[in-house]
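One line per chain: the protein sequences are A and B, in this order.
For the first sequence, our numbering begins at 5 and goes up steadily by one.
For the second sequence, our numbering begins at 661 and goes up steadily by one.
Simulated from the structure, these hints should not be mistaken for lab results.
Worth double-checking, as some hints may not be accurate.
DEER-style ranges, computed between Cβ atoms [as the list claims (entries may be wrong)]: (1) A:LEU114 <-> B:PRO905: 34 to 40 Å; (2) A:LEU114 <-> B:GLN799: 26 to 32 Å; (3) B:PRO905 <-> A:GLY71: 27 to 33 Å.
If you want a taste of the chain A side facing chain B, the calculated C-beta under 8 Å gives, among others [what the hints assert, rightly or not]: (4) LEU58; (5) ALA61; (6) PHE98.
Note that the coordinates shown come from a computational prediction; the quantities given were computed from them, not determined experimentally.
Think of the CB as a built atom: it goes at the ideal place given N, C-alpha and C, for glycine as much as any other residue.
Spelled out from the first residue to the last, the chains are:
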Amino acid sequence: MGHHRLALDLLTALRGATRLALLLAAVAVGSFALVVNSPVDPVAAYVGADVAALGPAQRALIAQRWGLDDPAPERFLAWLGNLVRGDFGFSATFNRPVLEVIGDKFLASLALMALAWLLSGVLGFALGLVAGARQGRLSDRAITWWCYTLASAPAFWVGLLLLYAFAVSLNWAPVCCAVPIGVPAAEVTPLDRLHHLVLPALTLSVVGIAPVVLHTRRAVVETMAADHVTFARAQGERGLGLVVHRVARNAAAPALLLQFGSLGELFGGSVLAEQVFSYPGLGAATTAAALGQDVPLLLGIVLFTAVLVFAGNAVGDRLHAALDPRAALADGRGRS
Amino acid sequence: MRGFSGWLAAAVVVVVGAAGCSAGGTSGGPAPTELRLAIGGESEEGYDPTLGWGRYGNPLFQSTLLARDADLNVVNDLATRHEVSPDGLVWTVDVRTDARFSDGRPVTARDVAYTFTTAARSGGLTDVTVLVEAVAVDQDTVELRLTKPQSTFVNRLVSLGIVPEHAHGPDYARNPVGSGPFVLEQWDEGQQLIVRRNEGYYGRKPAFERVVFVFTGEDASLAAARSGQVDVAALPSSLASTDMPGMRLHRVESVDNRGIAFPYQADTGRRSAAGHPIGNAVTSDPAVRRAVNAALDRRALVDGVLDGYGRPATGPVDGLPWYEPAGAAPDDDPDAARRLLDEAGWRDADGDGTRERDGVRAEFTLLYPATDSLRQGLALAVVDMLAPVGIAVTAKGESWEVIRTRMHADPVLFGWGSHDPTEMVNLYSSAQAGTELWNPGFYVDAEVDAALDAAMAATDPEVATARWKDAQRAFAPDAPWAWLVNLDHTYFVDSCLDVGPVQVEPHGHGWPITWAITGWRWTC
């Protein structure tokens, strides 16, 4: 029995790894084709406003330094070959190896995304519980309305509003960056970093909060109508106790699935939030790479994000199954 | 929702209370020894002059052989003397002997030669491709040998920061060593650059121990200025009328110009080397180009579109030492425009308000980059100004990729402006027709070519200046461009900060303001 179980687990893991490998290959080919066929000329993008000062000879030098002279399929194969050896290439925008850039920027983004992710998850779940339990009442209507507003508000716009309210008018929060202006690195405290994290994280959490609230709310509403809740009610259970003991577990499953599945949107939101707050993370690097046609960096980031999103979805599936065995049995055809 | 915002407020209060806030020089007390600027211009790839850092004339960490003063005259910096050989092929530069790099080693002629050689070979943003070789002939003399005479090569001596041969490697861009007024203390990529005064600098030492450059976007820069966290903020002129407590508006004239490039050739089905169509049946007529130039009211463009933050443009190099006022285009004279068109046979026979000649209507499409709201405003105003004289213009926003394919056949609203007169060659010389974005209209004129070539080949700066002026007189009657306006660059500067004399700034807002940062002082 134990052996069987182990073999099954191994098989599942293998299937997952194969799926990830196929996904990465497809993503790599797809994004390379998109980038190479985009109308943006990488040298022109790099030269930018200096177009008046650089002659054709200098442009040829730039193209040569970046290896743009070779035909696209050759460049792709060379890139792939290096990738297999663990070399992600060199970012022209940042004049550094791609892996170094991603590592640095992701560390900065990690705190931001983690905080935003936790905020939207915890807050979203709590609000969803409240709204579902008090279906139809004022608090439910207020929360639902708030969610529809958030769902239709662009992240950068929310960021700007927060920036003007808390940084400019109230002067409570810093206007930019991950560290205080003009302070040597050695003197930056963890509290400083948290201070600089609050507004961007709030902005970013807005991206994910509305769907979590709404899904949780619906799950709560459905569960409240279920037989076992009616039975508990008949036995005199009421209020918070009822929600926590009888409903929360059922509602948690879709919320978790959603929360782990939203890593992609979280990343997309960070591109905007980081831009507004000059936060030096992966999102800002993605913008720079895209605008500058920095192919190695862009591909590196795309692959990295694909792994992140894949892992998020896998974890979400597992947790969902653990919390709601029916979902595992039905292999996704659950009652949700 | 009370719970949510309550939580937020509590969190922010806790964090802010602990971290505190420091403001710039507005708070009174002793003048701060630190300066904070939000003027953009981060060099993402690092601070290596051989890759293009400092091409706006202020490499901070490195020093340059020559510099330009407030009137844009060339003055010595690291060089004590420079001389051009009679054939224009060899530039000989004497280097001062008291300059030291921030690591203590002296700056030698070998370092200068190394810098120029490296810059010529590296595929970066500084174009030194005219250089054959740079040779240190003795301890303090360098010979720069060129493939052809080039009077504008002086701009490389003005902008290329000298790097030390012994400390220049792959990590140099992140750890620059130089002989400039500042040394790099810390660079938080994507956020800020903190620099410290170089106590060993041979020139005038800055008044500030540290300078912080904050790399914020427009919104965050505005926010930083408003909340007193920076002393200088570069903001677009559309925000210049904002009230900013503790700061004053600092307007700097520029040659950051906007103008219309006309397709100069007739439409005969010709195509460029890249396969793009050349020629336009309407704008190839000099009468149309002159009429457009005469009909435009440039003062109204400045007042209406730029909110007054600019100057009418009369040519591509307004206010620079090589500017020729006699080359100025006529302005705000619709009657003259009508006369020109009448004489050339453009008549409105069918009474629809637009003239025609031999079945060709006097109409064209004016392209501008769609993301640029300023150029959109200018283009739409041009449409309104030309309709009354009988020329129908359609303004159309496109991406640069599309504009590149259509710029030889449709007029385009470009922006230029440089301290390097090479730009005039690029825009007007027939040799540059169809190269990059230069001379997009395929303008050809032998007299202009001769004057531009003579200016390039001149070994005496005075002679070069005279030839640049000749060229402007020669291309003015052909009107291959209709120059519209020069923008003012607008900054908010702390009321207590004196930023000294101003220089007419080139295209590109922000970084050029630092050209004289070593002379900035607190006044209260």
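Evaluated hints:
no.	hint	verdict
1	A:LEU114 <-> B:PRO905: 34 to 40 Å	38 Å, holds
2	A:LEU114 <-> B:GLN799: 26 to 32 Å	53 Å, violated
3	B:PRO905 <-> A:GLY71: 27 to 33 Å	52 Å, violated
4	LEU58	5 Å, holds
5	ALA61	4 Å, holds
6	PHE98	6 Å, holds
Of the hints listed earlier, those the structure fails to meet are numbers 2, 3, in rising order.
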